[in-house]
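Peer 1: The sequence shown begins at 577 in the working numbering and counts up one residue at a time.
I should point out that these hints are in silico values taken from the structure, not numbers from a laboratory. Heads up, some of the hints might be wrong.
Keeping only pairs whose Cα atoms sit at most 25 Å apart, straight-line, the calculated DSS-like set for lysine-lysine is [claimed, not checked]:
| no. | residue 1 | residue 2 |
| --- | --- | --- |
| 1 | 846 | 857 |
| 2 | 916 | 939 |
| 3 | 931 | 861 |
| 4 | 861 | 916 |
| 5 | 931 | 857 |
Computed beta-carbon distance windows for the label pairs [stated by the list, open to error]:
| no. | residue 1 | residue 2 | range |
| --- | --- | --- | --- |
| 6 | 864 | 944 | 19 to 29 Å |
| 7 | 815 | 863 | 41 to 51 Å |
| 8 | 869 | 720 | 52 to 62 Å |
| 9 | 612 | 944 | 50 to 60 Å |
| 10 | 780 | 643 | 22 to 32 Å |
| 11 | 780 | 864 | 48 to 58 Å |
The beta-carbon is built from N, C-alpha and C at its ideal position, and this holds for glycine as well.
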Amino acid sequence: MKNGTKIPCYTVSMTILVILALIGAVQGAMVLLLILFKFRHGKNTALALLILVFALRLGTIPTWNVSFLLDRSWCWPCTTTLPFLFGPLLYWCVRELSREIPAPLPLWPLHFLPFLTGTVLVGGMILGMSKESYSTFVINVFSGHPPLWYSVLNGIKVLLNIVYVALTVKVAFGYRSKSLSQVHRRWLHALAIIPSVVLIAFGFVALDPGATARLSGGNITPFAVLAGIMSFFIYILSFLVLLAPSGLEQGGVPLQYRQKFYLSEEECRKLVDRVKQHLEKGAFKDPDLSEQTLALALHIHPNRLSQAVNRHYRIPFRTLVNRSRLAYFLERVRRGALEKQTILDLAFEAGFPSKSTFNRVFKDEMHLTPTEYEKSLRQGKTEENGPLH
577 MKNGTKIPCY TVSMTILVIL ALIGAVQGAM VLLLILFKFR HGKNTALALL ILVFALRLGT
637 IPTWNVSFLL DRSWCWPCTT TLPFLFGPLL YWCVRELSRE IPAPLPLWPL HFLPFLTGTV
697 LVGGMILGMS KESYSTFVIN VFSGHPPLWY SVLNGIKVLL NIVYVALTVK VAFGYRSKSL
757 SQVHRRWLHA LAIIPSVVLI AFGFVALDPG ATARLSGGNI TPFAVLAGIM SFFIYILSFL
817 VLLAPSGLEQ GGVPLQYRQK FYLSEEECRK LVDRVKQHLE KGAFKDPDLS EQTLALALHI
877 HPNRLSQAVN RHYRIPFRTL VNRSRLAYFL ERVRRGALEK QTILDLAFEA GFPSKSTFNR
937 VFKDEMHLTP TEYEKSLRQG KTEENGPLH
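Work out the full structure: start from the sequences and follow the hints.
Peer 2: This is how it looks when you write it as structure tokens:
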């Protein structure tokens, strides 16, 4: 080196780590802004917070050195407990993207209690230390001999995230995900798989005190791997936002779309089978039944339900429901229900919301009015099953 000066390996290594971490943090900030401005609605709140926490953690990796922390004790409670948020936010995010209607986490304050508790406890312990005790604490951590409470804290972080990643994988690859669009599933799978790898890298750094000690000696490998995987996760999200933005739009489908891009023949058949089963159980008897309510019951998007019905039956969803109601009505008539009930009573029992709706549907399908139908029944001229098609 010039003038006989040798740059410490630690300085060069940390420079590389700083660049790697900041690149990921900046990219995370850009994705966050894109979501906030272009895809702003309740279902994306968890994803936005997850990216924010990832970006913050990446941005604070360069602060992980003795000289910086010795002068800034307040950094410990602000940064070391951030991993407590990864698991809950990840699970919340995947859970929201797998649903058609946003729903808060059950007992949601409990999911973030470890973060709040950890921040308060770490802050109390660190800020309550004398200057000498704090210096000893920092030196011990970076020499690979952290106090027991610090190791226990890291262990809890890892275990908690393992639980949440397992829950995330269950949602992303579970039965509910099979009713989602391919674009939606791609989002869920990415959000489940990559954080699992992040957790492995984080666990190695958090549970191995020697990793921090080696960092002081210039070996940045464990931290570089962690920063690289976290950055990779953010870049994957960036590509998904650009290539599959429908995963972030309301309900997981584009606001404007062409139906042929969303259901394969196999997906269509499966959805139609589920619709048939639900209608056969009498769902049509609900006068308020709509695409939205049935889709909610089946955990599918209304647009996908509409597409499946239109493609298979060549009729709108409302027509399918009204034909199911009319078929039920005619079956009840065939069994002699008119001996004890009026036509209008049977119509309401079948799920028709009003007399006018029943009259209109009956005339369209049977080619005569209900009154004419009843009259013809008395004369024995009309078959009860009618020309339903």
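Peer 1: If a hint holds in the structure, say so; if it does not, say that too.
Peer 2: Now for the hints, and whether the structure bears them out:
Restraint check: the Cα-Cα separation between residue 846 and residue 857 comes to about 17 Å, which is no more than 25 Å; the hinted pair holds. Annotation: proposed proximity of residue 916 to residue 939 holds, straight-line Cα distance about 23 Å (limit 25 Å). Of the pairs offered as hints, the one joining residue 931 and residue 861 holds, with about 15 Å between alpha carbons and a cut-off of 25 Å not exceeded. Simply put, residue 861 and residue 916 have alpha-carbon atoms about 19 Å apart, close enough for the 25 Å limit, and the pair holds.
With a CA separation close to 24 Å, the supplied pair residue 931 and residue 857 stays within the 25 Å bound. Taking 19 to 29 Å as the suggested C-beta distance range, the pair residue 864 and residue 944 conforms, at roughly 28 Å. Roughly 46 Å separates the CB atoms of residue 815 and residue 863, a value that falls within the hinted 41 to 51 Å. In this structure the supplied range 52 to 62 Å holds for residue 869 paired with residue 720, their Cβ-Cβ distance being about 60 Å.
Between residue 612 and residue 944 the C-beta distance comes to about 58 Å, which sits within the given range of 50 to 60 Å. One distance hint, 22 to 32 Å for the beta-carbon pair residue 780 and residue 643, holds here, with the actual separation near 25 Å. Between residue 780 and residue 864, the C-beta spacing of about 54 Å keeps the proposed range 48 to 58 Å intact.
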